[in-house]
Each structure stands twice: as structure tokens, then as C-alpha cells.
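K.L.:
Residue strings, one per chain:
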Amino acid sequence: MPVIALLTDFGTQDIYVGVMKGVIWSICPEAQIADLTHEIPPQDIVAGGLALWGAFRFFPKGTVFCAVVDPGVGTKRRAIAVQTSQYFFVGPDNGLLWWSIGESHVLKVVELKNDKYFLPAISNTFHGRDIFAPVSAHLAKGIPISEFGLEIDLDKLVKLPPLRASFDEQVLVAQVIHIDRFGNAITNLRRKDFETWLESIGNKLWLATIKGKSFNSIAKSYGECPEGEPLLLFNSYDLLEIAVNKGNAAIALGIRKGDQIKIQTTKERATEGV
Amino acid sequence: MPVIALLTDFGTQDIYVGVMKGVIWSICPEAQIADLTHEIPPQDIVAGGLALWGAFRFFPKGTVFCAVVDPGVGTKRRAIAVQTSQYFFVGPDNGLLWWSIGESHVLKVVELKNDKYFLPAISNTFHGRDIFAPVSAHLAKGIPISEFGLEIDLDKLVKLPPLRASFDEQVLVAQVIHIDRFGNAITNLRRKDFETWLESIGNKLWLATIKGKSFNSIAKSYGECPEGEPLLLFNSYDLLEIAVNKGNAAIALGIRKGDQIKIQTTKERATEGV
Amino acid sequence: MPVIALLTDFGTQDIYVGVMKGVIWSICPEAQIADLTHEIPPQDIVAGGLALWGAFRFFPKGTVFCAVVDPGVGTKRRAIAVQTSQYFFVGPDNGLLWWSIGESHVLKVVELKNDKYFLPAISNTFHGRDIFAPVSAHLAKGIPISEFGLEIDLDKLVKLPPLRASFDEQVLVAQVIHIDRFGNAITNLRRKDFETWLESIGNKLWLATIKGKSFNSIAKSYGECPEGEPLLLFNSYDLLEIAVNKGNAAIALGIRKGDQIKIQTTKERATEGV
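Chains as they are written, first to last, in my numbering: chain A, 77 to 350; chain B, 77 to 350; chain C, 77 to 350.
By construction, these hints were calculated from the structure, which means they are not laboratory data.
Here the structure is a predicted model, which is why all the values come from computation and not from measurement.
All the given hints hold, so there is nothing to weed out.
To list a few chain B residues with every Cβ distance to chain A over 12 Å, as calculated:
| # | residue |
| --- | --- |
| 1 | I103 |
| 2 | S161 |
| 3 | G171 |
| 4 | H181 |
| 5 | N200 |
| 6 | G225 |
| 7 | E227 |
| 8 | L239 |
| 9 | G278 |
| 10 | K287 |
| 11 | T342 |
Taking lysine to aspartate or glutamate pairs in the DMTMM-like style, the calculated list, with each CA pair at most 25 Å apart, reads:
| # | chain 1 | residue 1 | chain 2 | residue 2 |
| --- | --- | --- | --- | --- |
| 12 | A | K235 | B | E300 |
| 13 | C | K322 | B | D120 |
| 14 | B | K322 | A | D256 |
| 15 | B | K137 | C | E106 |
| 16 | C | K137 | B | D191 |
| 17 | C | K189 | A | D314 |
| 18 | B | K322 | B | E303 |
| 19 | B | K152 | C | E300 |
| 20 | A | K189 | B | D314 |
| 21 | A | K192 | B | D314 |
| 22 | C | K268 | B | D191 |
| 23 | C | K152 | A | E305 |
| 24 | A | K296 | A | E271 |
| 25 | A | K322 | A | D256 |
| 26 | A | K343 | A | E271 |
| 27 | A | K296 | A | D269 |
| 28 | C | K287 | C | E245 |
| 29 | A | K322 | C | D256 |
| 30 | C | K192 | A | D314 |
| 31 | A | K137 | B | E106 |
| 32 | C | K232 | C | E179 |
| 33 | B | K192 | C | D314 |
| 34 | B | K152 | B | D229 |
| 35 | C | K152 | A | E303 |
| 36 | C | K235 | A | E303 |
We put the beta carbon where it would ideally sit given N, CA and C, even for glycine.
Extracted from the complex, chain A is given alone in its bound form (with noise of 0.2 Å):
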């Protein structure tokens, strides 16, 4: 049974998203739909990609993800299906897609012209419906991806930052990129580029510092804390993350999407209060 997964930022108190389950399964009755989210902060594409990224490699070989992110929905930016060694992707070409992709081994992208394979009356409002969810049915259906467009170039697809942190010898720097239901601050820093940093500075002490906080050390799980006391840990996605154990680190912290967290080499453990 062919998988398709969903992740929008339609919310779930308008029909939008059940009407795009009723599009898939007129062309595809046997399809299992997944909800990813439909959550993403409207028009959030970061915010988006980073739940694509997380959440894809998941899923069965096959899946066809199905993402609608669309600020420019009715504009002229492309609509565009990506078939990797492992998965199909589908969507707008703004960025949405690309940290996905580009972890995977491209095998081809096109863009999205073929209209028999589009519903028969395109909105200018609302191409999840008319454009996306019958598209990702027909691949789930087996149709080629040629079918669908012209091959474009994955050069000329609208990209995002890289989802890595920035180090040197003397400091890493890493950005926090999303705040997660918990009051979990997530960072670009990926548990091998630290451990990477780790050894070309020799396995030294270290001080990391967000928002006049200190941390020395990372924990193994929230449990391994006192409650209410802030940590740091690899979440679920091997991603550093500023976490506190049954408690609300954005909150505590005050920390928003963009803050920096510094880590440098130090001489000293750090001292209580520091």
C-alpha cells in the first residue's frame, strides 16, 4: 500500500486538508495518508523544510511527501516533483523541499505542467488541492515522473541556508531554529559536526552560552536534570537542543528562533552561577 504524507501549514480547523485526502483518494483509493503536521506557522517555510527533514527519512521506501508551504501560491513560482533514490517530493519550489533533497540522492526533478494529471479546474488560491494532492496520488499510482513536466535542473531550485552550524578552531556557533511544542529550542548544530569540533580542538573543556547561560556539559535525557533546571541534549533528531526537564526552556530562557549559542574552548569547568 502506497504511502503519501501531508505537511501543510492549513491547520486543521478548515476543511483544506480533508479535502485533499478526498482528491487523493479518487485516484488512489488504496493510499495510506500520513498527517506530518498541519501546524507549520503560516507561510513558515524554514519552519516547514525543518519538519520535512526530520521527519522523512522515517518513512518507507516510496512515499510520496506531499508538502504545501505556499506563500506564492498563484504567482509564478514553480510547482515541481523530485523522485531521490528513495522517495518522491512534491510541491512549490520555494526552499520547502530542499533540506530534504539535499540529503538524498537526486534522480530527477521536474516541474509541474502536465494539466491531465492536474484536478480540472485550477484555483489561483488553493493548489494543494488542484495541483499537489492529485499529483502525489498519480506517482503513488506508479505514472512516471516524466510524465508530469520537463526535467529541470536541481541547480536552479530556490534554496535554504545550509541546516549546519559554523565552527572554527576557537568557536562554534550555532543558531536555534525552532521552538518545539515542549519550550524546546532546537538548534542547526548536528550531534557529528560537534563531535567533529570536539576533536580538532582536543577534546578540551568547554563553555557554551546562550542568553548569559552556561553550559558545560551534555546530558543523555531530560530525566538526567533536576527538574526546572535548564540542559543541553541531541534530540530525536541528533540536533542540539536547549531543553528544561518538565519545564519550558523558550520560557525560562527567553529564547527565540534566530538566537545564537556560542561554544568555546575554556580553561577552567565552569563555576556555579557562570
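We have chain A already, so just place chains B and C on it with the hints.
P.N.:
Chains B and C in isolation, oriented as in the chain A frame:
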């Protein structure tokens, strides 16, 4: 695979919707279940009826719509099932289904009375679980609608006001019937009715006014206007909508459900600030 | 088609639930997945346990319940699977499953230890994805429960207080255990226990009091009372509920979780205002 589409005001905080799915799959294990939305404002039959009307035509033939916005549960209001040439509708007889079946070729309406197709114990508070879910599942399995109760006359059903704006040769008056998650204000003016009126006035210039704000054109997409500017467009349901590009029209213009937009012929093009 | 029902405190803003579905369908592509709710207040084991208890009996035989409200994730709390005569339950051993399995005929309890059935890398923060989802999917595929780890004694599991009100010949004391979306206050008094108590007092008159408000009768439906009036009824779980017809009882009466309602015999019928 039969499709059952659910629309309720139950929210997703509680288990009510999950329980309905358990009941459905106990009877019809192969059903595909779509959530249209469960965030209809509690007991708001009009909002529920509009959502159902906007969604139903995008579903595959044979879909069973199980709609439960039911302030009269436990009283003498009737429970009904409706078979149209394309679909089945199941829910309370309180107007909720009216706009949808009003645009369909109705084959039969029955009052749900045969408790062979209900859960063994019927509560006074949760007919979604005890009556509407099991009846929907039995319909999806192919039980003929006449099995569920005696036929009743379409004319005897509880109705809602027509989902159409009123107009004469001078003026067209539409009402805001829904504010969506993005703050778009959706009216009861259909694109076809607007075009008919335009023709009847000889395609003269016109001016639309709501909350002291005037418009003299219809946009084709949100992106066509500068950011933050209000605009009119026909939305994905082909209903006139007041929107703000990358903004919230309801907040920006102070529009509420029930507000009127008047469209009148005018001699000159509106000047800025009018 | 096997059914897997999910209950978590993950919310739907993030991708956690979607990722669990990806993991499940990677292992058991034909599973029907129901969302019971993902809006359990973060880390509220009692609210989660109540929701699971209220829902499980409406699902088809063989359903696998995958419940994750797991403040101790990453600590030494055990992960368990339980087979009853009808169902499977998978989750942390922290009380969450207790009320549900406490009313079932338990066949076997195992501690989840066989990492052959886990994801290859186990995080310290997201056992829903790494352990509970894959184990649930393997159970749905028919792997015997004894494959997942050693049997443990039912008596050794973490328990919750009994889901029953206490009573003697004079007085019955129940507690508010949940406030639902409509503001209905749900207590731990079961209909059968109330009927038993009534019989034990010789079916005399009684008076129920909560927050200074008194009641001397049980309504059969919300609609039976005038709008805005508070009432008592046995709800869809056959638990005593304090509600307001077309209103919000928790706000109107100032009721919070944990508040007590006392029911005592009385000589006279309550007069207005008592």
C-alpha cells in the same frame, strides 16, 4: 476501499473522534477514514454545514459523510441518512446536511430507527459513537439505506437559509459566513452569481464596501496585491473572500461573521482612500 | 487489517506523531492507524490513562494500543507490552496503561528488551518512535508477545489509584478527574456504583453538592435543562459529569480537576437556591 469522512465539533483534545474510528473499524475494517475537521465551533451548525458543503464534492463516489454537530443530542431531533446519486450523508436533522444535499440529486432520506445497526447501548450524549458511526460503517459495507428506517420526505427536513447572496439591478448584498484560520472572511456570494449580476448591470463599474473599506476589482491571487493590503478574490470554493496578502483580513478590517458587503454600480473608478 | 491506536502527549504541531506512523507503516504497511488523541496535557499520566480507559473497549478485537505519555523517557522506567484476551497495550510502565488493563483479562506482560524489534539507533528522548511504534507494528503483524522480552508479574507494574468513587451508607464522595473541551467536569463515579449506593440507602432522597451548588436529580441529556443551567448526568463513559446546557460548567461553577462532589441522603427535596 470505501471512504468515510468525519466532520464534528468534538475537537481532538478528547477521545471522541478516536472512539468513532474504533466503532467504524469494528464494523468495516477496510474503510479509509478522512477527518474533514473536528474544530467546528461547538454546536455551530452553520459553520459545520458550510464546511461539509465546501468539501463533499472532492471525495470519491460512494463516500459516506458522517457529520455530527448536534446540540440537540438526546432530545427528539431526528437522526437521518441521505442517499444521493453520488454519496451518503449521515447525521442529525438540524440543518447540518442541508446545503450539501440541497445541491445533490437526492434518492432517499430515512430516519435512523433500526437499532440493529446501532451500538447495543445508546447514550443520551454521544450519538456520534452510538448511532452515526455504526450506521456510516454499515452503509460503507453496502447495507441498503432502506434497512435503517422509514423513508421521510425531503421537504420535512430542517433547513438552513440559502447559501446565496441576494441582488437586484442596483445592489448586491452578501454576508460574511465564515472567518478561516488565516483571517480570510468568506461570504455567501458565488462567482457565478457575481458574473450574472455584472452582466445584468451591463458590466458597468462597481464599488464594493465593507466596514468603510472599498474595493473596485477582484484579485486573482493573494500575491497580486502588495503585502498588508486588503483585496477581494473568489476563493477555492468560488465564494467571494476578503483577504489581506500575508496578513489577517478579519483583524485588519475588523470583520466579523454576519457582516455585510454591499456591491453597487458606480460612475467613476474609486480613487485612493475611498 | 490490523488496527493500531495511538495516544500521546506529543501534540500535532510537531512531527513526532507523523514519524511514528512512518515507522509503523515501514514494518506493517497494511495497518489502520487511529489517533485517539495527542493532546494529553504534557506528561499528565492520569489524563492519558483516563483517555485510554474511556476509549479502548470500542475498538475491534486485536487492536494494538500504543500509548506514550512518558516523562521518564531515558531513565530506568520499564517499557512494557501487555496482551489481554482482546487487545495489546504497549507503553511505558508508569501507570498509563493501568486502568485499561485493570479491567481486562490479562494474559501476559513482558518488559520490552529485544532490540531486534526496535529501531537500529535508540534515542534517549523519543521511545515512541524508537521502541513503542516498532514494537506495536510487529505485534500488529503477528509476532508473539513473548518474543519482545521476559515475562513480568502484573503485580509489579506501576499503578494508579482506583478509578472508583468511595462511599458508605451516609455519603458518597467522588472526585473531578477530567475537564473536557466543552467544560464538562467528569468524575470518578460510575453509574453502577451510584445505583448500588442508592439501593443501599433504600432509594431515599439525596443531595449532591459541589462548589456550593446543589443538585437533587440526574438529567438524561444536556437538552433536558434550560440553557445556561448546570446539571448532573452520566456521560458517554457512564461516569458522573457536571455540565451546563449549551455552556461551560467548569467556568460557570469554578470547578477544577481534583474538586470533590459529595452526595448525601436528605429528608426533603432541595428547594431552589439551596
